[in-house]
Amino acid sequence: MHIAEGVLSLPVLAAGASVAAAGTAYGIRKLPFEAVPRCGIVSAALFVASLIHINLGVSSAHLVLNGLGGLFLGWSLFPACLVALLLQAVLFQFGGLVVLGVNASVMAGPGVLAGLFARDLLSRQVPPLLCGFVAGAGGVIGAAVAVAGALVFEGEAFRATALLLVGANIPIALIEGVVTAFIVVFLSRTAPGFLGNGKARRSDTR
Amino acid sequence: MRNRGFFTLICIMTILGGLWVSPARAHKLNVFAYIEGETVTGEAYFADGAPVKDSAVQVQDSDGTVLAESVTDGEGRFVLPVSGSLKTFSVVVSGGPGHQGKMELTRIEEGRPPGQEKEAEDGRPMETGKNGDVDVKKLDQALRRIVREETEPLKRLLSRMNEQLSKPGPAEVIGGIGYIVGLVGIGLWAGNRKRKGH
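In the order they appear, the protein sequences are chains D and R.
Residue numbers are given in our numbering: position 123 of the first sequence equals residue 123, and the series is strictly consecutive.
Residue numbers are given in our numbering: position 77 of the second sequence equals residue 77, and the series is strictly consecutive.
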């Protein structure tokens, strides 16, 4: 989900940077002390996820893990995402420093929404398998729609681009949904405190 | 319980990491091109080496004005005309929504200064007499063709090397993770100070 440098115009870049800055500030404020290592692990996972290569016939794609991150961290996904994307831009030349804000917003925003939605589902006793799938697939589809939203200002026909991007991302969304579902099922058995904001669910643990 | 959760997550991530066979396409678009007289030849590929097929290629001058346009072939290659007077320009490849790669090129002075050509012309008549002038042109063309053909593997090699260099290696991955560990350390340290302070 990286938009390359030189594609977007200044207003879009500025908007993306503002959203990312606000999200990061809010995310850091919401981050409890105990969750700092968790935030770091999610950041490392996001950083490496772009290298995990999945062959889909003629095309290839990589895991995004933004839904899983949103489920683990809520709003604190923003700082984790920003750090991961910064390192990807500097070390891998994926994306770029100028588009960092837009890329962070486009990945973290839908990830937070999908994650919080899945948390809500979890608290309503919806099976963890389904919650995980919703978080994983929702995060990817949301990010694809957000990328299309950013590109519409650059003259690409929005509907066509959005459909193209969402269509291209459906297989990866399914894979991501399944991967996330398994992780969530596993953690709901072994460490339920990990899902949700921790404190509320800590009492559920043995 | 929490530690076990972390342990599990790290295990899962290690397993996922094992799936990492080659770096993903990851939307990074590389362009590699070189100037050849009045044309610019090159290829475009994604970070994993997959060619950027059937995508628009443009030659732009330093102001961003489009001077020539074409489309990459099935192997990501392209050939575009450029005027010989153009000293610096960039080749921009657009590989679909949000994907773009650019390479800036500067025309290096052709290895033969004007005086040298004269020398060749002077030397020519000694061997072939009157028709020397025509023969020199043919010879010149033939030599250029031979040099082009002979250096083709070298250009391919350069292109491959460029492709390899653009892939992220283990050093970058480990360095990035180390950076994140450091940030977590700073966060924990700052949080701890704050807690003790209050």
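Some hints could be false.
[Stated by the list, open to error] Stretches of chain R that chain D covers, calculated by requiring three or more beta carbons in the stretch to come under 8 Å of a beta carbon on chain D:
1. 100–107
2. 144–155
3. 168–176
[Claimed, not checked] Distance condition first, Cα-Cα at most 27 Å in a straight line; then the derived DSSO-like pairs of lysine-lysine:
4. R:K53 / R:K102
5. R:K102 / R:K155
6. R:K53 / D:K30
7. R:K155 / R:K87
8. R:K155 / R:K138
9. R:K194 / D:K30
[Unchecked claim] Chain D residues, not near chain R, derived (Cβ > 10 Å throughout):
10. A17
11. S18
12. V19
It is worth saying that the hints were derived from the structure and are not from the lab.
Keep in mind the model is a prediction, meaning the values are calculated, not measured.
Each residue gets a CB set at the ideal place from its N, CA and C atoms; glycine is no exception.
- Message: Hint compliance check: list the failing hint numbers for this structure, sorted ascending.
- Response: 2 and 6
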